[in-house]
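Between the sequences and the hints, there should be enough to build the whole structure, so can you do that?
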Amino acid sequence: MAAERRANLIGAGFMVAAMAAFAIEDALIKLATANAPIG
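First residue of the sequence shown: 1, per the working numbering; consecutive thereafter.
In case anyone wonders, no lab produced these hints; they're calculated from the structure.
Each residue gets a CB set at the ideal place from its N, CA and C atoms; glycine is no exception.
Heads up, some of the hints might be wrong.
Here are the computed distance ranges between Cβ atoms for each label pair [unchecked claim]:
id, residue 1, residue 2, range
1, Ile24, Ala2, 28 to 34 Å
2, Gly11, Thr33, 31 to 37 Å
3, Asn8, Leu28, 26 to 32 Å
4, Val16, Ala36, 26 to 32 Å
5, Thr33, Ala2, 42 to 48 Å
6, Ala34, Arg5, 39 to 45 Å
7, Met1, Ala34, 48 to 54 Å
8, Ala21, Met1, 26 to 32 Å
Given below as structure tokens:
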């Protein structure tokens, strides 16, 4: 039971890390393209 709980916590941690990484990546892309010419 303890191993299953640990695995669930690790999985939840990876999900939170992935969401944070996506948010940071999105912000960086928006900053990088703020002054990019369109067309």
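Hint by hint, here is what the structure shows:
1. Ile24 <-> Ala2: 28 to 34 Å: 33 Å, holds
2. Gly11 <-> Thr33: 31 to 37 Å: 33 Å, holds
3. Asn8 <-> Leu28: 26 to 32 Å: For Leu28 against Asn8, whose Cβ atoms are near 31 Å apart, the range 26 to 32 Å holds.
4. Val16 <-> Ala36: 26 to 32 Å: For Val16 and Ala36 the Cβ distance comes to about 31 Å; the hint holds.
5. Thr33 <-> Ala2: 42 to 48 Å: About 47 Å separates the Cβ atoms of Thr33 and Ala2, which means 42 to 48 Å holds.
6. Ala34 <-> Arg5: 39 to 45 Å: 44 Å, holds
7. Met1 <-> Ala34: 48 to 54 Å: 50 Å, holds
8. Ala21 <-> Met1: 26 to 32 Å: 31 Å, holds
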